[in-house]
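Trainee: Sequence:
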Amino acid sequence: MKKYQRVLQVTALFLITGTTAQAELKNTMPQDEKVLENATEAKIYFTAGVNTKSVSELIQAIDSLNTNYKKLENIYLYISSYGGDMDSGYAGYWAVKSSHIPITTVNLSTVMSSATMIFCGAKDRQSRRGGRFIMHPPSITPQQGAFQPDHFMTAGRDLKGYIEQFTEVYKECSRYSDAEISTLLSSENDRKFLLPDEAKEKGIISDVAAQIITAPIAYYITDDDKSD
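So the sequence shown is residues -23 to -1, 1 to 205, counted in mature numbering (1 follows the signal peptide of the UniProt record, and there is no 0).
Be a bit skeptical, because a hint or two may be false.
To be verified - Here are the in silico distance ranges between beta carbons for each label pair:
hint: 1; residue 1: Lys137; residue 2: Asn51; range: 53 to 59 Å
hint: 2; residue 1: Leu172; residue 2: Thr199; range: 22 to 28 Å
hint: 3; residue 1: Arg152; residue 2: Ile190; range: 24 to 30 Å
Unchecked claim - Keeping only pairs whose Cα atoms sit at most 35 Å apart, straight-line, the calculated DSBU-like set for lysine-lysine is:
hint: 4; residue 1: Lys169; residue 2: Lys48
hint: 5; residue 1: Lys137; residue 2: Lys48
hint: 6; residue 1: Lys48; residue 2: Lys11
hint: 7; residue 1: Lys47; residue 2: Lys177
hint: 8; residue 1: Lys169; residue 2: Lys47
hint: 9; residue 1: Lys148; residue 2: Lys177
hint: 10; residue 1: Lys177; residue 2: Lys100
hint: 11; residue 1: Lys169; residue 2: Lys148
No lab work stands behind these hints, which were simulated from the structure alone.
Only a predicted model underlies this, so the values are computations on that prediction, with no experimental measurement involved.
Glycine included, each C-beta is placed from N, C-alpha and C at the ideal position.
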């Protein structure tokens, strides 16, 4: 069926930071309105770093699918991301988890760091053969050149909060014990590198996806390489 591509320009208000970000969402769909009305599956490709812009786009895509396509039964979210911002990852986790239409997350190649939070938002989690999961402690990047005692205290509180977020998510989407989660979130030397069979054993995924589904509606969230 003949398809066309359109670009949706939206100004997304990202509630965590209270700032606006210009988001460019790309999607493909057939011209036949009946096909759209009767679509039962849709997919989203998330191949970007985790930040306010990309997660705002993800939220926009999920909301659009939930609002506009009443017969959708499932959304497949294909993720390939090395992670990024923790706050954005946690927001993405809740966006996936709160979707009225069930979402299946699928590891396309690599799901790392805060991207694992988005991945874990779904009840049905899968991976392509050869996909890898990398779970490691959160980190923060100093904004100033010089640190004073109160800066260390603030950084410590931030890290504690991020560890609590990771702990909440990993308890829900894995079979790791509390002690194992505490260890992997305390030291980079104890990071977890999991291939699909290991991820399935630990309850992070339920199955290995045989193929990428064909769906009439698809959204694409990628890093914007265009210069300002």
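Trainee: Each hint should be assessed against the structure and marked as holding or not.
Mentor: Tested hints:
1. Between Lys137 and Asn51, the C-beta spacing of about 37 Å breaks the proposed range 53 to 59 Å.
2. One distance hint, 22 to 28 Å for the beta-carbon pair Leu172 and Thr199, holds here, with the actual separation near 25 Å.
3. Range check, Arg152 to Ile190: about 27 Å between beta-carbon atoms, so the 24 to 30 Å window is met.
4. This hinted pair does not check out: Lys169 and Lys48 have alpha carbons roughly 39 Å apart, beyond 35 Å.
5. About 42 Å separates the Cα atoms of Lys137 and Lys48, which puts this hinted pair outside 35 Å; it is violated.
6. With a C-alpha separation of about 11 Å, the suggested pair Lys48 and Lys11 falls inside the 35 Å cut-off, and the hint holds.
7. Restraint check for Lys47 and Lys177: satisfied, since their Cα atoms lie roughly 32 Å apart, inside the 35 Å limit.
8. Proximity of Lys169 to Lys47 is assessed by CA-CA distance (about 39 Å); at most 35 Å being required, the pair is judged violated.
9. For a cut-off of 35 Å, the pair hint linking Lys148 to Lys177 stands: about 15 Å separates their Cα positions.
10. Proximity of Lys177 to Lys100 is assessed by CA-CA distance (about 13 Å); at most 35 Å being required, the pair is judged to hold.
11. The suggested pairing of Lys169 with Lys148 holds, with an alpha-carbon distance near 15 Å, which does not exceed 35 Å.
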